[in-house]
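A.B. asks: Chains as they are written, first to last, in the working numbering: chain A, 1 to 328; chain B, 1001 to 1328.
Listed next, the in silico EDC-like pairs over lysine to aspartate or glutamate satisfying Cα-Cα at most 16 Å (straight line): (1) B:1133 with B:1308; (2) A:301 with A:291; (3) B:1138 with B:1321; (4) B:1204 with B:1245; (5) A:250 with B:1181; (6) B:1250 with A:181.
No wet-lab data here; the hints were simulated from the structure. Here the structure is a predicted model, which is why all the values come from computation and not from measurement.
2 protein chains.
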Amino acid sequence: SISQDIDHILETQSALAIDLGGTNLRVAIVGMRGNIVKKYTQPNPKTYEARMQLILKMCADAMHDSVSLNCRILGVGVSTGGRVNPQEGVVLDSTNLIQEWSSVDLRTPISDSLHLPVWVDNDGNCASLAEKKFGHGKRVENFVTVITGTGIGGGIIHNNELVHGSTFCAAELGHIMVSLEGPECSCGSRGCIEAYASGMALQKEAKRLHDEDLLEVEGMNIKLAEPITAAHLISAARLGNNNADTVLNKASTALGVGIVNILHTVNPTLVILSGVLASYYQAPVQRIISERALPSAQNIKVVTSELEEPALLGAASMVLDYATRRLY
Amino acid sequence: SISQDIDHILETQSALAIDLGGTNLRVAIVGMRGNIVKKYTQPNPKTYEARMQLILKMCADAMHDSVSLNCRILGVGVSTGGRVNPQEGVVLDSTNLIQEWSSVDLRTPISDSLHLPVWVDNDGNCASLAEKKFGHGKRVENFVTVITGTGIGGGIIHNNELVHGSTFCAAELGHIMVSLEGPECSCGSRGCIEAYASGMALQKEAKRLHDEDLLEVEGMNIKLAEPITAAHLISAARLGNNNADTVLNKASTALGVGIVNILHTVNPTLVILSGVLASYYQAPVQRIISERALPSAQNIKVVTSELEEPALLGAASMVLDYATRRLY
Ligand SMILES: [Ca+2]
Ligand SMILES: [Ca+2]
Ligand SMILES: [Zn+2]
Ligand SMILES: [Zn+2]
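This is chain A alone, in the form it adopts within the complex (with noise of 0.2 Å):
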């Protein structure tokens, strides 16, 4: 019937999803309902010049190859690291992650280049716009989004819309300090719970308990070129590392009272942690918040992220939920 071709064309609308990290430069064809149709990955170049070049080559790569997926490309999402002013689709400045990635206008080469409407945010506002659409944030009016990975980020949902703030700098939840004095962090301050919590933070002192032959335990053997990383010591402590248990304690406290002080600000439903520490931090996230919340704040629910690409998924979001409003 024509309502079931109609159908079965709109099913076939999708976004090209690009996502800057400190690592890697990714671009995806995502269809409407979040799945991933085709994934590029490369190393994200050290330059400005050069990782122009690369997102518009990856992007014109994928264009081609979405006639044969017939996936029909409505637009372009990007997700970057660094503050993001998403009215002019503009890199205002980068974290020290990515070099070279200031006052940076990504919308108007994209869009030269492929003749397709271009949404820019940042990763951790992409992260969060894909739990709305695609995750546990679906329905949810009020949310917040922390993720714990390299760093840590975050964004806020308020009435079914992201903060962005005045300046564009809110939900820089890494930057929640919770101590005056506390371990230095790489935004200059002290005490931000990114300097406890996060992968960063972690693989530190899970470095200088390997240093000082305090890491290893029965059970555990790290070989001698090895890498040493947060995992490393999540391992240890469950092997009973006291030390390694300590610095763990103290980085789930850290995290809780941050989160804390976001539920005794914008008061959300629900906190999703997202992240390769997320499942890590959700139990003692949700005990902390037990005991050092307002009583009316207690019962906010901590749920772990159920999404495996939530930056792209988020960059297609900007240009699914563009494309939907328009059609429906």
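Mind docking chain B with the ligands on chain A? Use the hints.
C.D. replies: What follows is chain B with the ligands alone, placed relative to chain A:
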């Protein structure tokens, strides 16, 4: 002319404002421009029954006076300590400051008695509404009010609206924690900015110094029966008392770091400090922001409220805003 007559009639529109604080119960007739036409003050009774009776009595008196004062009362606005459901007009639970003040329906009895619509919100939120209508928050879409009085409260205006939160405990800014350990707070947690920087916290430190004979300095003369307050601490510090200075520095740092946490969460355009300690804290908080906020949040301005009666004006503004929305 008729147009002048109508202007004159519109100008006589007023609100009845009620402020329920820890010490006093106050009622005021407030005009369109935030002018307090008449004010009534009584000690706030200790029991629910006596309090409700007194509220209704004071309102009836004010309604009576309003006729001869040529004020047309359009409705009643209530500012109260505690957590409030403004949709229902109910105090959900109260701070320790007001006894027998949980699950209290304020709207029904006041509305039944006066035959007027009734709005209720908490004192921090009312202070923010007052700034929005009559103070530094005029024409500012996104700002935060932090009230440093006996305790610390606050309110957040986002896109011209108050943020109430999923359980009506948004903007519980006094319980933002800036220390994993830190001083005990009345809420049961530790390290809250209220436990460092509120009038109560400073008074406690002032008393401690006084008991240890460390408060008085040259040029300062504390009488025997004189109650020791935060004001003594500030005077002593200004006269060169290092102990007092250390306490106040810590308090300012804690408050400043707490406010930076708010900036990194909702990133407002403006921070308004309100309450008795506001003018004292303004400069140090601005300095802490420049030292510890992300560069993109460092230029956010901190100002001191110029409103004499934020709670009453905010309570009135709920009435006047609703009325003007309907009439113009
Ligand atoms: Ca963010
Ligand atoms: Ca409040
Ligand atoms: Zn930081
Ligand atoms: Zn507290």
